[in-house]
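2 protein chains.
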Amino acid sequence: MSSASSQEPFSAEAYFASQSPPANLADDLQRVKEFIAKHRDAGRRVVLITSGGTTVPLEMNVVRFLDNFSAGTRGATSAEYFLKAGYAVIFMHRQFSLQPFSRHYSHSTHPFLDFLEVHPSSAPDATIADTEVKVTQRVVPALLPILDAYKRTMSEGLLHMLTFVTVDDYLYLLRGVSKEMGVLGRNGMLYLAAAVSDFFLPRNKMSEHKIQSGKGSLIIEMDQVPKVLKPVVAEWAREGFVVSFKLETDAALLVPKAQAALERYGHQVVIGNDLQTRNRPTSTSTKRGEGFETAWLRIDPALTTPGAGAGGREVKEIEEDIVKELEGRHGRWIERG
Amino acid sequence: MSSASSQEPFSAEAYFASQSPPANLADDLQRVKEFIAKHRDAGRRVVLITSGGTTVPLEMNVVRFLDNFSAGTRGATSAEYFLKAGYAVIFMHRQFSLQPFSRHYSHSTHPFLDFLEVHPSSAPDATIADTEVKVTQRVVPALLPILDAYKRTMSEGLLHMLTFVTVDDYLYLLRGVSKEMGVLGRNGMLYLAAAVSDFFLPRNKMSEHKIQSGKGSLIIEMDQVPKVLKPVVAEWAREGFVVSFKLETDAALLVPKAQAALERYGHQVVIGNDLQTRNRPTSTSTKRGEGFETAWLRIDPALTTPGAGAGGREVKEIEEDIVKELEGRHGRWIERG
Chain A
1 MSSASSQEPF SAEAYFASQS PPANLADDLQ RVKEFIAKHR DAGRRVVLIT SGGTTVPLEM
61 NVVRFLDNFS AGTRGATSAE YFLKAGYAVI FMHRQFSLQP FSRHYSHSTH PFLDFLEVHP
121 SSAPDATIAD TEVKVTQRVV PALLPILDAY KRTMSEGLLH MLTFVTVDDY LYLLRGVSKE
181 MGVLGRNGML YLAAAVSDFF LPRNKMSEHK IQSGKGSLII EMDQVPKVLK PVVAEWAREG
241 FVVSFKLETD AALLVPKAQA ALERYGHQVV IGNDLQTRNR PTSTSTKRGE GFETAWLRID
301 PALTTPGAGA GGREVKEIEE DIVKELEGRH GRWIERG
Chain B
1 MSSASSQEPF SAEAYFASQS PPANLADDLQ RVKEFIAKHR DAGRRVVLIT SGGTTVPLEM
61 NVVRFLDNFS AGTRGATSAE YFLKAGYAVI FMHRQFSLQP FSRHYSHSTH PFLDFLEVHP
121 SSAPDATIAD TEVKVTQRVV PALLPILDAY KRTMSEGLLH MLTFVTVDDY LYLLRGVSKE
181 MGVLGRNGML YLAAAVSDFF LPRNKMSEHK IQSGKGSLII EMDQVPKVLK PVVAEWAREG
241 FVVSFKLETD AALLVPKAQA ALERYGHQVV IGNDLQTRNR PTSTSTKRGE GFETAWLRID
301 PALTTPGAGA GGREVKEIEE DIVKELEGRH GRWIERG
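Heads up: the sequence lines are chains A and B, in that order.
To convert, note that position 316 of the first sequence is 316 in the working numbering; the numbers rise steadily by one, no gaps.
To convert, note that position 245 of the second sequence is 245 in the working numbering; the numbers rise steadily by one, no gaps.
The reader is advised that the hints may include incorrect statements.
One copy or two, either will do: identical chains are not told apart, so a pair holds if it fits within one copy or between any two.
Restricting the straight-line Cα-Cα distance to at most 30 Å, the calculated cross-link-like pairs of lysine-lysine (DSS-like) are [unchecked claim]: (1) Lys227 - Lys316; (2) Lys134 - Lys33; (3) Lys134 - Lys230; (4) Lys227 - Lys205; (5) Lys179 - Lys324; (6) Lys134 - Lys179; (7) Lys205 - Lys287; (8) Lys151 - Lys134; (9) Lys287 - Lys227; (10) Lys134 - Lys84; (11) Lys227 - Lys151; (12) Lys38 - Lys316; (13) Lys38 - Lys246; (14) Lys230 - Lys316; (15) Lys205 - Lys38; (16) Lys246 - Lys134; (17) Lys38 - Lys179; (18) Lys33 - Lys84; (19) Lys179 - Lys33.
Keep in mind the hints are simulated off the structure, nothing from the lab.
Keep in mind that this is a model prediction, so the values were computed, not measured.
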C-alpha cells in the first residue's frame, strides 16, 4: 500500500457537489431543529456528540466497504456524563454502534436473554399472558441506576438519536446539525468523537455491481475527504465550542499534531488519544494566547478493572474526567462571550 | 477503482505461510473438538455455520479496514432452524454480528432497556435488593418462545459459539474446525454463509502505523484470498456435506456462477441470493449426474412483513425452507454414503 499523487483534496463544496445526500436528511434535520429549539428555550446547554466509524462503500450496490475501527465507546460513555452534567445530547452515531446506557449490556458475549427468568403464574386458570419474565435478581443492583438514568433521560426528552453509516451520511448530517446549532450561540458544544474516514471513493469512480474476483489483484484509488473542521469552525457553527479528537498509534505524534490542528482550524480543544494505551493517558490541548495549554488526564490504574463491563459503576471511566474538564472550559468560554 | 495485474492468487498453503494465526486458536479448536465428540457419541448431526463479514486490516495497528457487508441475519436465523431440526450447531460468527435468539432484540433502534420496568417492593423494610425488574407484559408473548428455545438449547449444550474478526481469523478457524469435523463422517454439514473477503493485504505490504492523510490520494493494492472451498472439499472436510453461497447484485450471473462453482469444487449445494431482492427468490443448485438440479425457494409475499422484527414468529422466514430442503438432502446423502 502506498500513498501516491499529490492531488489537492476536495473542498467541502466540491465534495457535496459530487456526493448525494442521505434520503431522510430533511426529516432528520427538522427533528433536530425542534429538539434544539426546545432546549434553547429552556436555557439548557446542548452538545452534539458524533460517535463510531464511517464507511466508504466501494460499490453502488454495497458489498464491500472501507471502515474505521470504532465501537463507539468514547462517544456513548461521554454522552452519559454530559447528561449528568445537565446537557441535552444529540447523539449522532454509526448505526448499531454503542449507545449510552444500553452500552453496558450490548456488544457482549452474554446476550441479555441470559439475564431473564421465566415465572409462570401458579393460578389454576393462568394463560401465557399471566407468565412474567423477570431480570435475574443477581444483576438488578448494577442494572437499576443505569435503567433509572435511561428512563429519566428519555422521559425528559434530553437525548436525541441520529444515525449514519457512510461518510456521506456523516458529512451531510454534520453540516446540517452544525448549522441548526447556530441558534444556541455559545451554549452549543460539538464533541466530534466519530472516527471519520480520511479517504472516499467519488461516485463517478464507483462500479455499479459487485467487483468480480478472479481477475488478479485489486487496486483501489481513493480521494481525500475534505477537512471539514475548517468549515465547521469558520462557517457552519461559528459560535459553537468545538472539540476534536486525535487518535494516533504513534504517541510521539500526539501533542504536535493536536497543536497543529488548533493552529490550523482555530477551534477550542483537541483531545489526544494514544491508541496503544486507550483510556490512559489522554491529553487535552487548548490554544492560549501565543502558546498552547496541554493538560494530561490519567486514570489511576487501581481504579480500572479491565472488562468490568456491566459492573461499570464501580470503575472510574476517563470520560468522567474529560466531560468535567470540558464543562468547566465551556462555562468560562460562555462567560467570555 | 480497477482490477489490474493477472497475478496468480495465493494457494491456501502460501496464504497460511504468510499470515499469522489468531492468538487463541489452539484453545478454540480444543473446545470445538470436545463439542463435536459429545454430539458424535450421541449420534447427532452437527452443522458448522459461518456467519457475518470478515475484515481486512490495512494497518498493523488497526485503524482502517476493509469489510464485507453482512449483519449475519442469514446465519443467525438458519442456526435456529437447524437447532429445531435436531442438529448441534457450531456458530462461527463475526464478533458482534447477529446471533441466534438474541437477533430478535439486538441491532434494533429500541434497546432492550425499553422493555424493562422497575417494581420496587412495597414492604416497609425493603432495600434495593428487593426491587424487581420485569419485562413489560406487552412483549412477553413474543419473547417467551424465543427465551424458552434459547434456554433449552443452552442447557442441552447444543450451540457452540466461535468468533472471528479478520479474514485471517476466519481462514485459520475454518481449516481447523473443518478438520475436526472429520470424525463425524457424513453426519457433518458445513453451511458457509459468512461474507468472506476476496482480497487481503499480505503482512509484508502492511504499514505499521496509521496511514497518514494529507499526502494526496490513497492507493491500496490487495492480493486475492485463496479459494478455500477447494481444500475444504478435497482435503479438510472430505466427508462433510458442504453448502456454499453465492451473493450477486446482478441476478443474471446467479445460476451460471452457482453451477460453475459446483463443477469447480465438487461440493454438494450452492445457495444463490440476489442481493437486490434478498429473502426472495433464493435458488439451491446441486450437481446431478451430468447436469444440474436447481430448485427455487420463494416466500409468499403475503407472509412477509417488512421490519416485523421481534414479532418474527408470525412471519415466514426463507431460512425455514432452506434448512428443511438441506435437512432432506443431507439425509439422503448420508444414506447413500
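**Asked** Which of the listed hints are not met by the structure?
**Response** 1, 2, 3, 6, 7, 11, 12, 13, 14, 15, 16
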